[in-house]
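Asker: One letter stands for each residue in the lines below.
6 protein chains.
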Amino acid sequence: MKPCEAAQALPEMNFAPSPTLQEPMSTIAPIPDPESNPRVKAVFDDIRATRKTDFINNMWRYLAFDTTLLESTWAEVKRVMATPSSIDTLTKEMIYITASILNGCSYCVHSHTAAASAKGMTPAQHAELLSIIALAAKTNQLATGLQVPVDAVFDKA
Amino acid sequence: MKPCEAAQALPEMNFAPSPTLQEPMSTIAPIPDPESNPRVKAVFDDIRATRKTDFINNMWRYLAFDTTLLESTWAEVKRVMATPSSIDTLTKEMIYITASILNGCSYCVHSHTAAASAKGMTPAQHAELLSIIALAAKTNQLATGLQVPVDAVFDKA
Amino acid sequence: MKPCEAAQALPEMNFAPSPTLQEPMSTIAPIPDPESNPRVKAVFDDIRATRKTDFINNMWRYLAFDTTLLESTWAEVKRVMATPSSIDTLTKEMIYITASILNGCSYCVHSHTAAASAKGMTPAQHAELLSIIALAAKTNQLATGLQVPVDAVFDKA
Amino acid sequence: MKPCEAAQALPEMNFAPSPTLQEPMSTIAPIPDPESNPRVKAVFDDIRATRKTDFINNMWRYLAFDTTLLESTWAEVKRVMATPSSIDTLTKEMIYITASILNGCSYCVHSHTAAASAKGMTPAQHAELLSIIALAAKTNQLATGLQVPVDAVFDKA
Amino acid sequence: MKPCEAAQALPEMNFAPSPTLQEPMSTIAPIPDPESNPRVKAVFDDIRATRKTDFINNMWRYLAFDTTLLESTWAEVKRVMATPSSIDTLTKEMIYITASILNGCSYCVHSHTAAASAKGMTPAQHAELLSIIALAAKTNQLATGLQVPVDAVFDKA
Amino acid sequence: MKPCEAAQALPEMNFAPSPTLQEPMSTIAPIPDPESNPRVKAVFDDIRATRKTDFINNMWRYLAFDTTLLESTWAEVKRVMATPSSIDTLTKEMIYITASILNGCSYCVHSHTAAASAKGMTPAQHAELLSIIALAAKTNQLATGLQVPVDAVFDKA
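Chains as they are written, first to last, in our numbering: chain A, 64 to 220; chain B, 64 to 220; chain C, 64 to 220; chain D, 64 to 220; chain E, 64 to 220; chain F, 64 to 220.
Excised from the complex, chain A in its bound form:
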């Protein structure tokens, strides 16, 4: 609904706050039957096969509003996160959690903490991960506040 239509529907509201939602909200309407689109179905099928689960989480259901965006995002997630490489899968998820916390993405903090737990992150490791992030945030702000000059030995250029 556009704001002006909303206003027409709510003529008595001038002196009180507008109704607010108790439910999660999004900026797009997710597609009702996304897998009727064969390109979406192909991505969802690959997610299920790669992750060995029938569960498709909301991130992919919402990205399905644009098939190209869905395809390119999943292709990159699969290549970077689900392909054996020089960093083990649990470490990858802990790095992802770190970035998600710092980027302030509540959805991603939830989904990647769940993924890390599924990959074996213990409560002790979770607590330690948060301790490192908290310490880094602290020293990062101290260095920025003092504008500490970079030591010459750190340069690789």
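Since the hints were made in silico from the structure, they are not lab data.
Watch out, some of these pointers could steer you wrong.
Note that identical chains are pooled: a pair holds if it fits in a single copy or bridges any two copies.
Derived pair list, reagent style SDA-like, types lysine to any residue, alpha-carbon separation capped at 25 Å [stated by the list, open to error]:
id : residue 1 : residue 2
1  : Lys-141   : Thr-130
2  : Lys-104   : Glu-139
3  : Lys-182   : Lys-219
4  : Lys-141   : Ala-215
5  : Lys-141   : Asp-108
6  : Lys-182   : Asp-117
7  : Lys-182   : Asp-218
8  : Lys-104   : Asp-151
9  : Lys-115   : Pro-101
10 : Lys-141   : Asp-96
11 : Lys-219   : Trp-137
12 : Lys-104   : Thr-116
13 : Lys-104   : Leu-153
14 : Lys-182   : Glu-139
Keep in mind it's a predicted model, so treat the numbers as computed, not measured.
We have chain A; now place chains B, C, D, E and F onto it with these hints.
Answerer: Below, chains B, C, D, E and F without anything else, positioned relative to chain A:
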């Protein structure tokens, strides 16, 4: 030098940009001989012993302007980063790099990339670390832009 | 309610988490009848006239707790966003969405995505906007992680 | 619940968004009876004594999932925020609110705005605090967008 | 100089990094004689009168590339920062430093730390300010990482 | 050079700050002759052909330390930024500048401001772009500080 003293010293500068520095700058003047303070010396000695090096990087030299801040920061860094725990030391440094990049702390990106290299991070791992951070930044912004609702299965409360 | 009053009202709660809200929360209580203040009414009337709608969204209802803040914020929004200028109105909203996502402001992502849609942003443009933001976030972190030196040709000083 | 268990429990959900929560969510399950752990009880007792209230807010109840993290965090909060020093307690809370807004921490914005109000922050001061933060955000982005060189007189190195 | 012109001027550079600047850089060329524009001169004169100094720092010299932006920014800085109000001037500067550190604006960290020093901030207060910012950054990330639900008593809505 | 080697090379430095660099620094050493690698040469050739210039800016020279990262990053930049689409090329660059400022990436602010200028951004548009970013930063912080609830009419879910 205070701005008003600067102005008095630079009476001819009203119509041109003020001189700007070609050199690294900081917001405090580092103490000339910090280890003449025994509490600073104790911290620096502990850094040298813990890290098995005589090198004291600028972060600690600048933090020495306030002995309490120096002591408490080093104590936490030593406890979290230099004590054997459930996360290996290279992974810890990669998490620290991630936070430092996201917090936009140039000094910390330099110092912790150097530390990770010293602890064995290969160029392939460095590239992969950056790929994960870059991917997370991307999906983090997508989730925030779409305001994707958190799946109920992710909740632990 | 102050924390200590809350504690007195909840003496049995020591061994369980405190009740948490299912509803949206704010840090101030919005004024019940804001337009009884003629300065607030003047701003709300100008918002309605400028936007050609009777709808006043929550941002303005909450800012009304401080009349000066309300007036100065609206004056700047009107001048920058609602005055014909060298950037078209849809582009302005897409820039605003970009900043809002990066600043992690959920409210602003919602309100400006709605505004951009009202000004004609198509789903294809929305998806493309998010693709650009996601790509920028990615390359921004890569450049920060590598600390790439700025090319001399980019300087304008 | 792990994602794969969730999928098994939700076999019919393939063509619709997964259920989403109307309630606040967290990434860990808070401990049901945290004060049965004497180290947790000691921290909670010290919080109550220091703050002169029986109320323990959620931050501490959730941090109790890791006793060391709880103890070290409270020790630092007590030392920095609850010990008489060169900055008065209301100013400290206003600085804390500023950081919390900029770090995008909704929980912390709420808790420290409540704390500042409890310590006497008036609505006028609250509005003015927000005005300063808003102005700083504005000029910060302008300086970054223009990449204004630092004036030599500002250097202390 | 545009990138393509730069390339034509540097035909031998294909196999080596392009020259990089040792000097501070900006994204615009500051106006050589800004006060020949009477509107710029009026702003600069008001800055000098308000601050009781002849010194005009680079921020204003660079903002002078757009007279409207210069005027509106200075008007807001003067109103918020240089007008007696419910928050004292030193506290205002400490709040500004906090926001500048968190927004990662190096220029602003420098200029507002200098301003706070000029207004009487002691080294002890500077260290304490940084300690609060560092602690807030730490607890902010912990609360975001745990997704701690907001306590109902904090709500004002 | 590793920190411990640095320390051995600098035995006299214990009581003075370590030397700091006057020059731009990076966290990796750029490859001396990157185009001797045919995959790097293919990317650089495509950049030259796509952008109609012989100039290869540092971002690509540094990314060449990892061929896969170089290839995947350029492929995405080419697809999103250099392919005709529903958003015009100048608007794309202005969105990219916005994200770069908010992510605090100095390199990216420089390179994309130069790119936008090359694509016709006028000084008036540049000033207006910065005004929108500055205003958004301001209202974003106000909404976060007040924790304004999202209006129900904005929801699309």
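Asker: Next, verify each hint and record whether it holds.
Answerer: Hints, verified against the model:
For the homomeric pair Lys-141 and Thr-130, the shortest alpha-carbon distances inside one copy (16 Å) and between copies (19 Å) are both at most 25 Å. For a Cα distance limit of 25 Å, the shortest separation of Lys-104 from Glu-139 qualifies both inside one copy, at 17 Å, and across copies, at 23 Å. In the homo-oligomer, the alpha carbons of Lys-182 and Lys-219 lie at most 25 Å apart only across protomers (16 Å), although the nearest pairing inside one protomer, at 35 Å, exceeds that limit. With identical chains, the CA atoms of Lys-141 and Ala-215 are at most 25 Å apart between copies only, with a shortest distance of 23 Å across copies and 38 Å within one.
When the C-alpha separation of Lys-141 and Asp-108 is checked against a cutoff of 25 Å, the pair qualifies only within one copy, where the shortest distance is 13 Å, while the shortest distance between copies is 28 Å. With identical chains, the CA atoms of Lys-182 and Asp-117 are at most 25 Å apart within one copy only, with a shortest distance of 17 Å there and 39 Å across copies. In this assembly of identical chains, the alpha carbons of Lys-182 and Asp-218 lie at most 25 Å apart only when taken from different copies (17 Å versus 36 Å within one copy). For a Cα distance limit of 25 Å, the shortest separation of Lys-104 from Asp-151 qualifies neither inside one copy, at 29 Å, nor across copies, at 31 Å.
Taking CA atoms no more than 25 Å apart as the test, Lys-115 paired with Pro-101 passes inside one copy only; the shortest distance there is 20 Å, against 38 Å between copies. Taking the closest pair of Cα atoms, Lys-141 and Asp-96 come within 25 Å of each other only inside a single copy of the chain (23 Å); across copies the shortest separation is 32 Å, beyond that limit. In this homomeric assembly, Lys-219 and Trp-137 come within 25 Å of each other (Cα to Cα) only across copies, at 23 Å, whereas the closest approach inside a single copy is 34 Å. Proximity of Lys-104 to Thr-116 under the C-alpha cut-off of 25 Å is restricted to the intra-copy arrangement: shortest distance 15 Å within a copy versus 41 Å between copies.
Taking the shortest alpha-carbon separations for Lys-104 and Leu-153, neither the intra-copy value of 28 Å nor the inter-copy value of 33 Å comes in at or below 25 Å. Proximity of Lys-182 to Glu-139 under the C-alpha cut-off of 25 Å is restricted to the intra-copy arrangement: shortest distance 20 Å within a copy versus 28 Å between copies.
In summary, the numbered hints that this structure violates are 8, 13.
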